[in-house]
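Note that the protein sequences, when read in sequence, are chains A and B.
The first sequence begins at 1 in the working numbering and counts up by one.
The second sequence begins at 1 in the working numbering and counts up by one.
Derived from the structure by calculation, the hints contain no laboratory data.
Hints are supplied without guarantee of correctness; some may be wrong.
You can't tell identical chains apart in this list, so a pair holds if it fits in one copy or across any two.
Dumping the calculated DSBU-like pairs for lysine-lysine here, alpha-carbon to alpha-carbon at most 30 Å [stated by the list, open to error]:
1. 276 - 230
2. 276 - 266
3. 126 - 203
4. 203 - 266
5. 203 - 276
Note that this is a predicted model, so its numbers are computed, not measured.
Take a look at the letters that make up each chain.
There are 2 protein chains.
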Amino acid sequence: MLKVPEHQVAGRQAIDGKLGPLIDNSGHFYKPLQDDDERGTRELTFYHSFSSNTRIPHHIRRFFPVFHGTQLLKASDGSGLRPHLVLQDITSDHLNPSILDIKIGSRTWYLEASNAYIQNCFHRDKTTTTVSLGFRICGLQIYNESGFWKPERKLVRNFTADDVRSILRMFVSSNVGPEPDFSFADSVYGGCDGILERLMELKTWFEDQTMYHFCSCSVLLLFDKESFLKGKTPFAEVKLIDFAHVVDGNGVIDHNFLGGLCSFIKFVSQVLADSKGSTMED
Amino acid sequence: MLKVPEHQVAGRQAIDGKLGPLIDNSGHFYKPLQDDDERGTRELTFYHSFSSNTRIPHHIRRFFPVFHGTQLLKASDGSGLRPHLVLQDITSDHLNPSILDIKIGSRTWYLEASNAYIQNCFHRDKTTTTVSLGFRICGLQIYNESGFWKPERKLVRNFTADDVRSILRMFVSSNVGPEPDFSFADSVYGGCDGILERLMELKTWFEDQTMYHFCSCSVLLLFDKESFLKGKTPFAEVKLIDFAHVVDGNGVIDHNFLGGLCSFIKFVSQVLADSKGSTMED
Chain A
1 MLKVPEHQVA GRQAIDGKLG PLIDNSGHFY KPLQDDDERG TRELTFYHSF SSNTRIPHHI
61 RRFFPVFHGT QLLKASDGSG LRPHLVLQDI TSDHLNPSIL DIKIGSRTWY LEASNAYIQN
121 CFHRDKTTTT VSLGFRICGL QIYNESGFWK PERKLVRNFT ADDVRSILRM FVSSNVGPEP
181 DFSFADSVYG GCDGILERLM ELKTWFEDQT MYHFCSCSVL LLFDKESFLK GKTPFAEVKL
241 IDFAHVVDGN GVIDHNFLGG LCSFIKFVSQ VLADSKGSTM ED
Chain B
1 MLKVPEHQVA GRQAIDGKLG PLIDNSGHFY KPLQDDDERG TRELTFYHSF SSNTRIPHHI
61 RRFFPVFHGT QLLKASDGSG LRPHLVLQDI TSDHLNPSIL DIKIGSRTWY LEASNAYIQN
121 CFHRDKTTTT VSLGFRICGL QIYNESGFWK PERKLVRNFT ADDVRSILRM FVSSNVGPEP
181 DFSFADSVYG GCDGILERLM ELKTWFEDQT MYHFCSCSVL LLFDKESFLK GKTPFAEVKL
241 IDFAHVVDGN GVIDHNFLGG LCSFIKFVSQ VLADSKGSTM ED
């Protein structure tokens with residue numbers, strides 16, 4: 001039985017008769033190939049290239065959803081059979097995951113794109129935190145006792161640098177409000193299994209790899225309080241998603257992704273440092 | 001006696017009755033403050049801020065020209081007395097310096113700039129290597145037996161990624177031609193006094209500093225074959241120049257400069273690796 005993903009925080013959704021991704025109960029995520037543009041084909045091309053690429057180190061492959069090929073499925077918009085990418089559903093191991101979707105890079109367009117696409121992205125990049133911070137939050141949900149806090153798209157789009165800092169604090173607090181308690185900061189962001197360590201691994205790879213440029217790609221942070229409290233691992237994960245705009249690196253590092261990633265790392269580091277300051281003051 | 005700098009490879013030049021920088025015989029570089037825009041004021045503001053900033057580590061300060069205040073001087077365009085920045089002439093210690101001027105960053109504009117300025121930069125960034133490589137060569141001179149090779153501005157503006165690789169090879173070769181011999185690669189780019197080590201120091205600082213965003217700023221590489229052959233140090237230097245577009249970092253790292261710097265580091269590393277391969281083959 002296919003259904004609409006419960007924990008999707010950004011991107012096109014399979015609701016109100018629209019075309020969007022579906023999941024099943026066995027941990028698969030089905031992403032429809034669009035026919036209105038080249039995105040689907042591009043993403044499929046990337047997954048084919050990446051999954052057969054022997055130069056990807058094992059510890060880097062873990063950041064990417066597993067690719068299981070394509071499958072013809074009834075599309076969510078009622079338009080009939082349509083090819084779907086079959087991917088790993090990265091939320092399926094989590095009961096109540098808090099999720100941040102962060103689009104990395106100070107530029108979401110690329111030279112090979114159409115002029116209209118470039119102008120559209122250029123405008124969006126300037127009016128969100130993309131240009132100023134080198135990344136923008138695209139969507140999120142944060143779990144707390146009363147359920148999920150999942151701000152509307154319009155609100156997310158207007159986030160400032162200070163909003164980003166607040167979100168990163170709330171993400172690791174037991175409360176969702178103006179006075180975060182940083183309960184989980186040390187274990188989620190810090191330590192050798194923490195998110196910062198994972199981001200540093202990614203950074204090291206991006207300083208070297210010249211195969212792909214990940215335009216408009218997101219880093220997804222997942223953290224499951226229940227898994228953490230039950231001592232399950234991993235309770236926090238870092239994944240890369242959305243490869244519809246990956247282009248050939250042509251022997252040059254992805255300086256756009258790398259710069260944005262370094263900026264995001266600095267933000268997370270500062271929240272971790274603040275949390276230590278706040279604990280010491282207590 | 002003031003004169004036109006002999007080793008200026010980019011920027012406005014004090015020739016043909018135009019306004020440009022001047023030097024004297026005691027190691028000073030006089031840069032006129034423009035009155036047609038805010039550049040001069042901005043650069044002066046930066047030098048004032050930077051030179052009194054106690055949070056700049058000593059090893060980072062060495063990358064910047066020493067600032068000696070301002071002075072009223074007869075402008076090179078004959079327009080009379082005009083305030084000039086008084087800076088260290090970073091070429092004065094070198095007899096025949098080979099110089100590369102590399103404008104760092106995949107974006108030379110900034111959100112605070114005027115729309116006209118942004119559009120102008122946006123176009124230039126797309127049509128040079130700025131967007132694709134995260135940096136562009138703005139000017140250069142390479143010394144060899146027959147004098148300096150100093151390509152025209154028009155040629156430099158059309159450099160491709162492959163041209164950049166060729167230039168980085170020629171910079172450390174005893175000949176200027178299609179078959180570089182990499183004679184000086186190991187000592188100029190490699191080693192603990194080499195350019196790569198200096199660039200890595202800068203990188204480490206840029207991963208952390210959130211005070212300034214260095215838009216449209218250049219890294220200058222200087223290398224003096226004669227100093228090298230005579231065993232003088234430093235025979236190779238890395239300097240930062242052009243701060244007319246430095247803006248407040250607002251607590252965010254300069255991800256634009258950092259990304260471009262990492263890309264440039266990768267290019268230099270590859271030339272160094274190629275030179276070792278070529279030596280082993282000899």
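Query raised in the report: Is it within, between, both or neither when you check residue 276 against residue 266 at 30 Å Cα-Cα?
Result: Close inside one copy (15 Å), not across copies (35 Å); limit 30 Å.
Query raised in the report: From the Cα coordinates, with 30 Å as the cut-off, is the pair residue 203 and residue 266 best called within, between, both, or neither?
Result: both (12 Å within a copy, 14 Å between copies)
Query raised in the report: How would you classify residue 276 and residue 230 at a CA-CA limit of 30 Å: within, between, both, or neither?
Result: within (24 Å within a copy, 53 Å between copies)
Query raised in the report: How would you classify residue 203 and residue 276 at a CA-CA limit of 30 Å: within, between, both, or neither?
Result: both (24 Å within a copy, 26 Å between copies)
Query - Alpha-carbon proximity context of residue 126 and residue 203, limit 30 Å - result: Answer is both; intra-copy 24 Å and inter-copy 25 Å each pass.
Hint compliance for this structure: no hint is broken.
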